[in-house]
Amino acid sequence: MINLAVTPHMAVWGKWLGDAMGTNAAGASAGNAIFGIFLSLVVYLIGQWLFKIGKGFFLFQPLFVGMVLGIFILFLLAKAFGTTTATFYKSAYLPGGNIIFWFLNPATIAFAIPLYRRNDIVKRFWPVIILSLIVGLVISLFAIYGVAKLFHLNDVGIASMLPQAATTAIAMPIATAIGGNAAITAMACILNAVIIYALGDWLVKFFKVNSDPIGAGLGLGTAGHTVGSAKALQLGSIQGSMASIAVVVISIVVDVVVPPFASLMGLH
Amino acid sequence: MPTQDKVTSTPTTQTEKPSPILIQMGIFAAVLFVSSLISPLFPASFPVPTPVIGLVLLYVLLATRIVKLRNVEKFGDFMISLIAFLFVPSGIQLAANLDILKAEGVQIVLVTLIATIILLVVVAYTTALFIRIAKKVFHMNTDVNN
Chain A
1 MINLAVTPHM AVWGKWLGDA MGTNAAGASA GNAIFGIFLS LVVYLIGQWL
51 FKIGKGFFLF QPLFVGMVLG IFILFLLAKA FGTTTATFYK SAYLPGGNII
101 FWFLNPATIA FAIPLYRRND IVKRFWPVII LSLIVGLVIS LFAIYGVAKL
151 FHLNDVGIAS MLPQAATTAI AMPIATAIGG NAAITAMACI LNAVIIYALG
201 DWLVKFFKVN SDPIGAGLGL GTAGHTVGSA KALQLGSIQG SMASIAVVVI
251 SIVVDVVVPP FASLMGLH
Chain B
1 MPTQDKVTST PTTQTEKPSP ILIQMGIFAA VLFVSSLISP LFPASFPVPT
51 PVIGLVLLYV LLATRIVKLR NVEKFGDFMI SLIAFLFVPS GIQLAANLDI
101 LKAEGVQIVL VTLIATIILL VVVAYTTALF IRIAKKVFHM NTDVNN
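So the sequences go chain by chain: A and B. Sequential numbering from 1 applies to the first sequence in the working numbering. Sequential numbering from 1 applies to the second sequence in the working numbering.
Here chain B stands alone, though its shape is the one from the complex (with noise of 0.2 Å):
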């Protein structure tokens, strides 16, 4: 395995195996040790959490091809399609703060709502605009196929 992690420089993902699920659930260890060892260097003001440094330190692994995505998409890939249940705890949390929602519950929650709908609607028109603005302003080919 060893060797011929040195001789793939131009990794073709669909032809290898992918790595143990251990050593890829060690990877993500080893990126989180790391990232929570980084996370307290910045100040309190500009606080970088753990899971975010790790984002981007897992994807520039993968981006200067230090890590493969084979030794990581397996468990990757699974930890993701558990994201919302993993976010129940989170919302079972606002049981302990029922006296907040008691006060000015209603208020806070619709405005909570419309929020969201704002922040997802206004980024996503802006970014269209700018696009479009790239495309025809600078010319930039903005052609994309999913």
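Bound-form chain A, shown alone (with noise of 0.2 Å):
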């Protein structure tokens, strides 16, 4: 009887465990989503609740503390069914965690409404902002390669900095262009976000950003990509419509700007 009770649940439970391995057969990996948002969720919420009982410390932001001990859960898991973090990443959390990235699309979008909201200062600023935007990021080009430089990092890297700026799905191409890796560039627009997430306010504040409430819209929308502009948002709604605006232009401007910089700096 406990037998019959016990088969059917194990062999569910050992399909799930083969999609989360990638040991089922090809097509049989269909994928559960559950885990995935299930862990993407709880780790969030851990976070959010650390936040709150370690009184705003900037490391318990609840997207630091997901990312980070999201990633320590899957090593963990990965090590206790003997295979890489890699591979248990790929067959166990990304079905799920590709349905919540998804989401990103209408969020992003989202952001032409606290742009429209100030459109009166969009009117007027509408040629400084540009202005200021593309000579922005030209300087800050200069920057980052001269940083790049000096910490020794080889032509494949410095390239792969370069177009951060830029929302991903923009960067990633643009990296490729210039002879840089797409992955680490990549890597490099999440950890934008999260920094700024992270160290937004006290940069801020510590740079004195926010006297010029256009130029600190600006700022977060193209350091912190749209989380910079969520950031911005709760500065103030000209912060927020200037950061909106910042990710949609520099974004353009990426596109058009560092693949003649990479070139005049010999990168490729």
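You may find that some hints are simply not true.
The calculated PhoX-like cross-link candidates involving lysine-lysine, where the alpha carbons are at most 25 Å apart (straight line), are [unchecked claim]:
no. : chain 1 : residue 1 : chain 2 : residue 2
1   : B       : K102      : A       : K208
2   : A       : K149      : B       : K102
3   : A       : K123      : B       : K136
4   : B       : K102      : A       : K90
5   : A       : K123      : B       : K135
6   : A       : K205      : A       : K52
Keep in mind that the hints were calculated from the coordinates and are not lab data.
Combine the two chains into a complex, taking the hints into account.
Below, the structure is given as structure tokens:
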């Protein structure tokens, strides 16, 4: 009797584990999305809880905690099941992670709303906005190139660092085109967001960035992508609007400016 | 509802009721769908991804008042409030790239950290400078109220 009750469950779990470890026959691992969604929510909520009881300590920012804890849990589970972290991530976490990831599409276009809410500022300042983003990016590129050289990154590493101001989907192909590694660039884009999310408040205060609300918005949107825009919205409606426009314009500017800059520097 | 839409040429968002949430989601889906058709038209050397086109498209629809704030506001603000959570899978994605981090990880993370600060500060200061120039040289009114 017990056997009859247990066996089907074991079979189900066996299939789940097979999916998770990528050992099932090809085609069988359509993937179980529930684990990825559940893990993402749990680690993020733990982050929120830590942030609350840690009285807002910057390393307890939910996104940062969620990322570190999530990777750590995947690392431990991969060890426990005797597979590599990358494999376990791909087969166990990715199906669910991709579902959440997809919602970045509507979340990104949603920034048209805070942008439009301060359309008065956009209409008055658009030439200054575009000029500031172009000049600001070119100066930044020289600085980033210098810092990368200082840390003895090779040409591939340097080329991977240059397009990070653009949104990931633009930065990756640009990185490849100028001889960089798209995976490193994607990592940089993600880290930008995590860094701005964790350190943004402190950086804004330390560098007195908010003395000019338009500058603060453009800076946060450029450095932190959509997460920077969410931060900027907390500072005010102008900052939020300007960060939203920065996400779009800086991506186009990267498209145009980074390839010639790379060849000027003899990268590719 | 449709007749009311025709009458209001100058919307006063405060007094109007927000659209039902499924309609708001439908507008987002439509904008994304059209954007996904536009995105492949750009050459590979000049990539413009779907969400970037979508942001511009939704802004244009709002600015031309074809779509009103009450049609998209509720769902949009909700999505924005989720943005940090939606980034968790991207963060965890680094688990697949731990090999890269092993090789040159510390340098790359440090350069990225400094690059983030550079981008924030340089763009913010450049903008502040240009706004000051616009005020002094072109006598532009640069007062803004938040």
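Check: For this structure, which hints from the list above don't hold up?
Finding: 1
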